[in-house]
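Take the sequences, apply the hints, and build the full model.
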Amino acid sequence: MPSCATSPPSQACLDVAVIGGGPAGLMAAEVLAAQGASVAVYDAMPSVGRKFLMAGKGGMNLTHAEPEPAFLGRYGARTAQIAPMLAGFGPQALRDWVHGLGIETFVGSSGRVFPTDMKAAPMLRAWLHRLRESGVQFHMRHRWLGWDEGAPHALRFATPHGEIVVHARVVVLALGGASWARLGSDGAWVPRLAERGVDIAPLRPANCGFDVAWSEAFAGRFAGEPVKPVAIALAERDEQAHYRQGEFVISATGIEGSLVYALSAPIRDRIEADGDATIHLDLLPAHSAEHVSAQVKHPRGARSLSSHLQSRLGLTGVKAGLLRECLSKEAMHDADTLAASIKALPLRLLRARPIDEVISSAGGVRFESMDEGLMLRALPGVFCAGEMLDWEAPTGGYLLTACFASGRTAALGAAAYLRQA
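192 is the number of the first residue of the sequence shown in the working numbering; add one for each residue after it.
Hints are not guaranteed to be accurate.
Claimed, not checked - Within a straight-line C-alpha distance of at most 20 Å, the following computed SDA-like cross-link-like pairs (lysine to any residue) qualify:
no. : residue 1 : residue 2
1   : K488      : T469
2   : K419      : L536
3   : K520      : P476
4   : K419      : K520
5   : K488      : L504
6   : K520      : W405
7   : K419      : G448
8   : K419      : R503
9   : K419      : A511
10  : K488      : L475
11  : K310      : G227
12  : K520      : G448
13  : K488      : G505
14  : K520      : R542
15  : K248      : R316
To be clear, the hints were calculated from the coordinates, so they are not data collected in a lab.
In structure tokens, the structure reads:
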């Protein structure tokens with residue numbers, strides 16, 4: 192892969208071709224250009240950073256300010272692989288880098304870190320200006336098709352003007368996962384790498400919502416309603432109990448939102464193992480079970496049950512609707528069952544939402560297929576970064592931080608490889 196000796200005389204050979212213009216690819220391009228490499232970025236979309244911009248529409252959550260042990264723990268089974276990357280470019284380093292673009296940041300009440308204007312576009316514009324000034328070239332509407340069989344360092348691209356071949360000494364792949372295909376992350380790279388001996392974990396939904404068999408009446412009345420405050424518990428399995436408090440949203444098909452996303456990995460895994468998963472909702476996490484039981488059993492006189500629950504416990508609206516949706520009439524009028532259900536309402540989740548509509552995907556190129564610099568063992572001179580790697584994390588800035596850090600790690604590995612070539 193490192194040699195361009197077989198390149199046609201009419202075609203220049205780049206030092207580095209970065210394929211994928213998301214945060215990981217752009218960070219790789221910046222680091223390599225700073226080390227004097229000739230770098231070109233190729234992307235199938237008309238412009239770079241499309242998923243980055245979409246993620247920033249609700250407020251550009253860059254990273255998180257929680258202590259390092261808790262931060263690292265968000266990467267679950269891949270903490271050991273992500274930790275060295277974050278040691279080189281962690282949350283504070285990311286904030287300092289953003290400040291270098293002329294963008295100030297602040298820490299929100301939840302610990303999440305945002306640009307002061309909450310927007311992604313100004314940051315991306317400043318970054319692209321700096322990249323172009325450093326000599327990075329951009330080629331849009333270039334869809335990567337794989338390698339030219341006759342020249343393993345030659346990259347094939349489909350363009351609006353037909354197929355072309357680009358020669359590069361080193362390649363950094365930052366092609367994303369398989370969520371939001373319309374923005375460029377379609378997972379089309381999987382068979383191209385698999386056929387060359389790269390070990391790839393199946394791509395699966397992450398940070399996703401789940402389907403519930405709502406009645407038409409419930410979905411019609413409450414779709415779009417937030418449920419807060421509330422806690423979700425997933426029953427213990429292999430000494431792994433999951434419990435978290437926050438809020439989620441009722442959708443027409445089930446549940447979604449930040450609390451659901453935070454627990455989506457173990458819920459998804461349970462569904463894959465058992466065919467479905469039952470979570471338990473604590474509708475009143477600020478009240479003890481004893482208090483709830485006492486209020487439910489308080490004499491209500493001539494008041495209806497709905498009025499009683501509203502008066503004694505403040506249960507109304509969507510929370511009251513969830514009780515009626517999930518409990519039988521008999522259970523609703525049995526005080527012990529009703530009180531227990533308010534603190535642990537069983538809700539059966541049928542399946543994760545389709546991968547194309549979720550926030551991110553799990554699975555991808557296994558770390559065991561790469562060296563410490565993220566170079567593929569089966570394809571020397573080819574490096575991988577970003578969401579196409581086999582890791583996952585909840586929302587809250589963890590995804591974006593690791594994408595930046597992995598782009599930098601791949602770039603440093605690529606620079607070292609170029610020096611040795």
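Which hint numbers doesn't this structure obey?
-> When the structure is compared with the hints, numbers 1, 3, 4, 11, 12 and 14 turn out to be violated.
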